[in-house]
Every structure is written in C-alpha cells, then in structure tokens.
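Q: Sequence:
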Amino acid sequence: MSETTSTNEENKLPLNGRRAIPPNYSNDEENDVPEMEAFGLIPRGFNPRDYLRVVDIYMFKDPHEINKQEHHTDKYYNPKLIVRRGQAFQIQIDFNRPYKPESDQFWLEFLMGRYPQQNKGTYIPILVGSVLKPGQWGAKIIHRENNSIRLSIMSSTTCIIGKFRLYVAVLTPFGILRTRRNSATDTYFLFNPWCQLDAVYLDDEKEREEYVLNDVGIIFHGNVEDVKSRSWSYGQFEENVLDACLFLMDKAELELSGRGNPIKICRVASAVINSRDDNGVIAGSWNNSYDNGVAPSAWTGSVDILLEYYSSKQPVRYGQCWVFAGVFNTFLRCLGIPARLITNYSSAHDNNANLRMDFFLDDEGKVDTRLTKDSVWNYHCWNEAWMTRPDLPVGFGGWQVVDGTPQETSDGMYRCGPASVQAIKHGHVCFQFDAPFVYAEVNSDIFYTRMEKNGTQVVENIDTTRIGQLIVTKEVGGDGMVNITEEYKFREGSDEERLALETAVMYGVKKQSIQDTTYQPQTDVDMDFQVQKAVLGNDFKVTITFRNKSRNSYTATTYFSGNIVFYTGVPKSEFKKHSFSAKLEPSSPSSFDIVIKSSEYMRDLLEQASFHFFVTARINETGKILAVQKAVMLEIPTLRIKTKGELVAGKETSVIVEFTNPLKQTLENITLRLEGPGMLRTIKKQFGRIPMNSTLTWEVKFTPMRAGLRKLIASLNSDALRHVYGELNVQIQKP
Numbered sequence: 001m002s003e004t005t006s007t008n009e010e011n012k013l014p015l016n017g018r019r020a021i022p023p024n025y026s027n028d029e030e031n032d033v034p035e036m037e038a039f040g041l042i043p044r045g046f047n048p049r050d051y052l053r054v055v056d057i058y059m060f061k062d063p064h065e066i067n068k069q070e071h072h073t074d075k076y077y078n079p080k081l082i083v084r085r086g087q088a089f090q091i092q093i094d095f096n097r098p099y100k101p102e103s104d105q106f107w108l109e110f111l112m113g114r115y116p117q118q119n120k121g122t123y124i125p126i127l128v129g130s131v132l133k134p135g136q137w138g139a140k141i142i143h144r145e146n147n148s149i150r151l152s153i154m155s156s157t158t159c160i161i162g163k164f165r166l167y168v169a170v171l172t173p174f175g176i177l178r179t180r181r182n183s184a185t186d187t188y189f190l191f192n193p194w195c196q197l198d199a200v201y202l203d204d205e206k207e208r209e210e211y212v213l214n215d216v217g218i219i220f221h222g223n224v225e226d227v228k229s230r231s232w233s234y235g236q237f238e239e240n241v242l243d244a245c246l247f248l249m250d251k252a253e254l255e256l257s258g259r260g261n262p263i264k265i266c267r268v269a270s271a272v273i274n275s276r277d278d279n280g281v282i283a284g285s286w287n288n289s290y291d292n293g294v295a296p297s298a299w300t301g302s303v304d305i306l307l308e309y310y311s312s313k314q315p316v317r318y319g320q321c322w323v324f325a326g327v328f329n330t331f332l333r334c335l336g337i338p339a340r341l342i343t344n345y346s347s348a349h350d351n352n353a354n355l356r357m358d359f360f361l362d363d364e365g366k367v368d369t370r371l372t373k374d375s376v377w378n379y380h381c382w383n384e385a386w387m388t389r390p391d392l393p394v395g396f397g398g399w400q401v402v403d404g405t406p407q408e409t410s411d412g413m414y415r416c417g418p419a420s421v422q423a424i425k426h427g428h429v430c431f432q433f434d435a436p437f438v439y440a441e442v443n444s445d446i447f448y449t450r451m452e453k454n455g456t457q458v459v460e461n462i463d464t465t466r467i468g469q470l471i472v473t474k475e476v477g478g479d480g481m482v483n484i485t486e487e488y489k490f491r492e493g494s495d496e497e498r499l500a501l502e503t504a505v506m507y508g509v510k511k512q513s514i515q516d517t518t519y520q521p522q523t524d525v526d527m528d529f530q531v532q533k534a535v536l537g538n539d540f541k542v543t544i545t546f547r548n549k550s551r552n553s554y555t556a557t558t559y560f561s562g563n564i565v566f567y568t569g570v571p572k573s574e575f576k577k578h579s580f581s582a583k584l585e586p587s588s589p590s591s592f593d594i595v596i597k598s599s600e601y602m603r604d605l606l607e608q609a610s611f612h613f614f615v616t617a618r619i620n621e622t623g624k625i626l627a628v629q630k631a632v633m634l635e636i637p638t639l640r641i642k643t644k645g646e647l648v649a650g651k652e653t654s655v656i657v658e659f660t661n662p663l664k665q666t667l668e669n670i671t672l673r674l675e676g677p678g679m680l681r682t683i684k685k686q687f688g689r690i691p692m693n694s695t696l697t698w699e700v701k702f703t704p705m706r707a708g709l710r711k712l713i714a715s716l717n718s719d720a721l722r723h724v725y726g727e728l729n730v731q732i733q734k735p
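Residue numbers (the working numbering): 1 to 735.
Rather than coming from a laboratory, the hints here were simulated on the basis of the structure. Just to be clear, a hint being listed does not mean it is correct.
Keeping only pairs whose Cα atoms sit at most 20 Å apart, straight-line, the calculated EDC-like set for lysine to aspartate or glutamate is [what the hints assert, rightly or not]:
{"hint": "1", "residue 1": "K140", "residue 2": "E70"}
{"hint": "2", "residue 1": "K453", "residue 2": "D363"}
{"hint": "3", "residue 1": "K711", "residue 2": "D304"}
{"hint": "4", "residue 1": "K644", "residue 2": "E727"}
{"hint": "5", "residue 1": "K577", "residue 2": "E600"}
{"hint": "6", "residue 1": "K651", "residue 2": "E699"}
{"hint": "7", "residue 1": "K120", "residue 2": "D32"}
{"hint": "8", "residue 1": "K541", "residue 2": "E225"}
{"hint": "9", "residue 1": "K576", "residue 2": "D593"}
{"hint": "10", "residue 1": "K100", "residue 2": "D56"}
{"hint": "11", "residue 1": "K664", "residue 2": "D539"}
Could you build all of it, start to finish, from the sequences and the hints given here?
A: Okay, here's the thing in structure tokens:
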C-alpha cells in the first residue's frame with residue numbers, strides 16, 4: 001500500500017494558490033500517458049489483443065517522400081517529420097487486422113509539454129471524419145488496404161509551433177488502448193507562408209524561396225559612401241538548429257499556448273537573442289577586446305553560435321549588430337516566419353528619442369567629446385519579419401522591424417519590436433512595439449551646437465539629410481543590394497514627409513522646432529570634403545572644398561580632425577589634427593589637401609578600419625560656422641578561395657584558402673574559418689604568424705553531400721587585422 005501512495009504523491013502537481021497547473025514553458029518536458037486507460041474495473045479474462053491494435057505507424061518523413069516535399073521541409077537535416085501548419089500531411093497506420101469502420105473506433109492525439117490541455121492547444125485529439133475543413137484540425141482515411149489505412153491529417157492554421165508527441169488511441173468496451181511512447185513519430189509543426197490562412201502568409205513564390213528557404217544571405221556594412229558586403233550562413237536547416245531555436249522559446253519562458261502567434265514569438269526572441277538581462281544567446285562587445293571569446297568579425301554564420309548556446313546554455317561571446325541580426329534571421333526562417341536582414345546607414349542612436357542628435361562644439365568650433373553623448377552608427381543591422389498585425393488597425397501588417405541588438409530597454413528588457421514599417425513611414429508611432437525608437441533611428445537631425453561661456457547654446461548648423469539616408473537589404477534571388485529607404489520614409493522635403501513628422505510629434509515623439517533656437521546659418525558658402533579611396537596600410541589624402549557663392553572675399557579658420565572610431569560612431573582616439581586658414585575668393589571654389597600617412601593611423605586602428613573625419617570652419621568676417629562630418633572605411637584585403645578537382649556530390653574534393661599580408665608588419669595569432677552551408681560544417685585553423693608580403697595557404701579536404709549551387713565562406717581574424725572575408729560560389733554536380 002505504501003508504494004502506491006508514494007507514487008501518487010510524486011504525480012501530484014506542486015501546490016500553488018494562484019493557478020491549478022504550473023506554467024507550461026518547456027517543449028521538451030513530457031507527461032506520462034497511460035497505455036491502458038480503464039473505464040472502471042476490468043473483468044477477468046479481458047485480453048487487449050482481442051481488439052483492434054496498432055502494430056506500426058509510418059510517417060512518410062524522409063526528405064524525398066510526400067510530406068517533406070509538399071511542405072517545403074525536405075532541406076531540414078532532421079530525421080523526424082516536419083510539416084507546416086494549415087496544410088494536409090499523410091501517415092499510414094498498420095493494425096493487427098483489417099480496420100472495420102462500423103465497429104472499430106480510434107483517434108489520434110498530439111501532445112506538447114508536461115501539462116497538455118485541450119483549451120491551451122497543447123492536447124489535440126483528432127477524430128477521423130469524412131471531410132477535411134481548411135485550417136482546422138481533422139483527419140480522413142484516403143486509402144485502405146489489408147490491415148493498413150492511410151490518413152490525411154489537417155492541422156489548424158493557428159497551431160502552436162514546436163514538437164508534438166503522437167499517440168493513436170483505440171476505444172474498447174473496457175477502456176482506451178494507446179500506442180507506446182515512440183519518439184520516431186514526434187512531429188514538428190512550423191509556420192506556413194504558403195497557406196493563405198496563416199498569419200505569416202506571403203503570396204510571392206520567389207520571395208518565399210528567398211525569405212524562408214534561402215540558407216545564405218548577404219550582410220551590407222561599411223558606410224553610405226562606401227557600401228561593403230559579405231556573405232553570412234544562416235544554416236536554418238542544419239542538424240539540431242531547429243531544436244536549438246525551439247529551446248530559445250523555452251529559455252524566454254514563452255508559454256506553449258502563445259507559440260502560435262508570430263508577434264509574441266518575435267517579441268520574446270528579440271530579448272533572448274542578446275544576453276543582457278536574461279542570459280540570452282549572444283554577449284555583445286563593442287570595446288575591441290574579445291578575450292575568452294570569438295571576435296564578432298570572425299563568425300561566418302549562425303550555426304556555431306546557436307549550437308554552442310544550445311549545448312552550454314551560456315551566452316556565446318561575442319557579437320555586434322550584424323551577428324545579432326544574422327542569428328535572429330536564422331531563428332525566424334527556421335520556424336517558417338519570412339525574414340530579411342536590413343542595414344540602415346548613418347543610424348541614429350538617440351539616447352532620448354527626441355529626433356535630435358547633439359554634437360557640441362567648443363569656442364573654436366572643434367567637437368567637444370565630453371559633452372557629446374549621442375552617436376551616429378556608420379550602419380546598424382536589424383531584421384524585418386513578415387506577418388499580419390491583428391492587434392493594430394488595418395494596414396499595418398506586412399514587414400515588421402525586430403532588433404536583437406541591445407540598445408535601449410523596452411518594457412524593462414533589452415528588446416525591440418515588432419514595429420510596423422508602414423507605421424514608421426507614416427509617423428503612426430503610437431502603435432506597439434517600440435516604433436518611436438526605430439523612427440528616431442531613421443529620421444533624426446544632427447544639431448551642431450556651440451556652448452557660449454555663459455552657458456547659452458547657439459545652434460551653428462543643422463544636418464537634416466544624413467541620418468537614415470540609405471536603408472538596404474539583399475535582393476530576392478541574387479546577391480545584389482536593394483534600396484528600401486522609401487519603405488521607411490517619404491522623400492526628404494516632400495509634403496508627405498512633413499505630414500508624417502507632424503503625426504509622429506502628435507503621437508509623442510519629442511522634436512524641438514528650429515524656431516525654438518537661434519539659428520542663422522551662413523548660406524553663401526558651401527563646404528564639403530572628399531576622401532581618396534585607400535587601401536589599409538597605405539597613405540591617402542582628404543580634399544576640403546569651399547564654394548564661395550557671394551561677391552565678398554572671406555577667410556575661413558578651418559579645423560580638421562581625424563578620429564579612429566568604432567562602427568557605432570564612438571571615437572577611440574584622435575590621430576590627426578590640422579588647422580589652417582583658407583582664403584575664399586568671391587564666386588569661386590577653393591580646394592585644400594591634407595595627407596594622411598599610414599604611420600599616423602595603423603597603431604590604433606580598430607577592426608573595421610573605420611575613420612570619422614570632422615571639418616569645421618569659422619568664417620572670420622561673419623563668425624558663422626560650417627560643419628561637415630563623414631565616416632570612411634579603408635579597403636581591407638580579401639581571402640582568395642579556389643577549389644581543386646571536380647565537385648561531385650558524395651566524392652571527396654579539396655578547397656584552398658589563400659591570404660597575402662599587405663601590411664608593413666607581421667600578423668600574429670591568426671584564426672581562419674571556413675564553412676559551406678549544406679556542404680561543409682565550420683572548420684577552424686590557427687596560424688602563429690604571417691610576415692609582411694608573405695602568403696598563407698590552407699587546404700581543406702571535404703565531401704559535399706548534395707548537388708546544387710552552394711557557397712563557401714571564409715574569414716580571417718588576427719590581432720592587427722580583422723574583417724577579412726572571402727567567398728566562392730560552387731556548383732556541385734550530381735554523381
């Protein structure tokens with residue numbers, strides 16, 4: 001007797017005065033399901049073998065079979081059945097004798113988590129009927145032969161995303177007989193962009209192939225004047241990645257019942273992608289020191305990061321914005337939410353979302369780094385996810401901004417989005433989530449303000465066009481760049497732009513009008529500067545040009561400041577100061593050259609070889625100040641990749657990675673990485689040093705498993721040189 005009481009005690013739920021059942025956060029936990037559920041006392045002589053009994057269940061789960069083919073899940077490197085919700089799939093059940101519909105009764109049960117409940121969508125009984133209704137759970141027999149039947153099963157279009165356990169239950173006069181727990185019949189349900197009733201439905205096949213099925217992408221970086229690109233392996237189909245993505249929702253403690261809703265999934269994922277406040281996937285680091293971790297620039301894709309987190313449960317070090325965005329994109333595509341990676345050039349990190357970036361100048365017109373707190377990122381990457389927004393008025397569905405980079409808190413956590421792109425464009429920033437912050441990232445103005453000795457602020461210059469002047473993503477079906485700035489904002493100076501701004505201000509975005517400040521710019525002199533294209537390690541020149549449009553002669557006291565900056569626009573050190581007096585003749589242009597030597601910048605250079613140049617000029621005759629700033633990237637040498645021999649699926653081949661050191665110094669502590677999504681898992685190799693002008697060669701043997709067009713991606717990382725990439729498209733032939 002004592003034994004039975006103790007097991008009953010164990011099966012009892014922990015007492016909690018607030019809820020009858022503990023929260024159901026884990027997709028992995030299970031409950032015990034009885035194989036025989038008796039209705040009462042079982043009479044002596046009852047033999048379950050006398051009744052209809054399930055002998056085997058066949059799931060048609062191989063990549064070449066009907067289910068994975070029709071559901072576009074054949075690329076997942078996962079032996080279990082993976083289907084998309086709201087679309088029929090087939091299974092076959094073998095019984096111990098022919099099935100008799102008039103007397104036999106059976107049904108299917110899908111269960112998720114430790115406390116399955118029908119009203120929460122975690123316990124789904126499916127009776128066999130004669131018709132399937134679109135978008136609703138149901139099953140019907142489509143074929144009967146001997147002891148076997150084949151079923152077509154329809155899932156709900158609001159079904160929870162994740163892994164369900166499958167049981168078949170048979171009714172007998174004395175109780176319910178169930179199949180044994182069998183993990184081989186576990187079934188994953190994903191979002192379905194091919195299904196019109198799904199919240200993530202996307203109607204263009206080419207876009208679905210790009211935003212859901214493409215496992216390699218392009219990340220645009222650099223700056224507005226010098227856009228650079230590199231490949232990134234999303235690897236959403238690689239082994240264990242799907243389980244790792246489901247684990248992220250467990251980690252974020254998203255109730256299982258909420259996992260059919262893409263809005264909720266995006267919101268919790270944007271918090272769990274970064275490690276701030278919840279020990280999430282990636283620890284960010286922007287300080288150029290990456291001890292006990294991998295430099296953000298060294299990663300070639302998301303798979304290593306997700307799998308390391310899935311096994312260690314500890315944040316992976318380190319990431320910066322494109323790493324957060326790359327991993328977030330993998331997560332979204334893996335679950336079936338259409339997603340793309342966006343780069344916003346000259347992105348405002350506006351600490352108080354007042355649409356005003358303040359750069360303070362001292363008496364002489366030089367930037368005061370003590371007072372200047374706002375920063376302009378050379379670029380910032382975030383993601384867009386495609387979904388309907390039933391929580392917002394009509395018209396705000398479609399692309400939604402989600403951002404996993406920890407910048408500011410939202411509802412107490414570092415997360416951002418989903419914010420409707422359409423709402424941002426029209427200034428409707430009252431709609432959740434975090435639209436004012438994104439609106440400021442693409443619409444702020446730069447104020448150059450001089451502090452007088454008595455504390456008054458004089459606005460010397462306002463730049464209304466620099467922030468968010470270029471917003472891009474990868475084109476559908478190719479590696480080119482698409483300019484999507486017009487999806488975020490109306491043309492500068494248009495009536496629509498003014499109306500959108502007024503709407504945003506009405507909804508609470510703070511904006512100081514220019515009338516509030518004393519601002520009388522010098523209008524008859526223009527100043528700009530050009531930077532010669534330069535390769536890392538070489539000298540280059542900067543040309544400052546004035547255009548005096550007046551009939552007066554002017555002299556301009558000009559200050560040039562060259563800073564080495566992080567790509568976030570935060571300065572590390574000023575490496576070049578130069579001031580001169582420029583004589584500006586009436587109605588004519590004047591140019592002045594400044595030479596920048598490699599010896600001046602190499603010692604302090606940061607990983608993205610990024611400079612920030614500031615030119616301020618005071619017109620002595622009027623006291624007015626002109627100010628221009630630009631970010632500049634040096635050309636970084638690339639890795640060369642080539643293959644040796646023919647490329648045939650199932651046959652060993654080799655790839656060679658080469659790099660020549662262009663610097664006037666020896667490179668030390670070099671790490672090379674190479675990966676090919678769907679072809680070659682990441683391999684790393686360490687090298688001690690590469691002397692100047694020497695070439696390093698690394699040969700890797702591998703066997704590609706699948707035919708088709710694939711991409712090899714490599715990166716090099718060292719103490720003095722980072723952000724070195726190479727890539728190669730390869731066509732793997734069929735054997």
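Q: Hint by hint, say whether it matches the structure.
A: Taking the hints in turn, this is what the structure says about them:
no.	hint	in the structure
1	K140 - E70	holds (18 Å)
2	K453 - D363	holds (8 Å)
3	K711 - D304	holds (17 Å)
4	K644 - E727	holds (15 Å)
5	K577 - E600	holds (11 Å)
6	K651 - E699	holds (16 Å)
7	K120 - D32	holds (18 Å)
8	K541 - E225	holds (16 Å)
9	K576 - D593	holds (14 Å)
10	K100 - D56	holds (17 Å)
11	K664 - D539	holds (12 Å)
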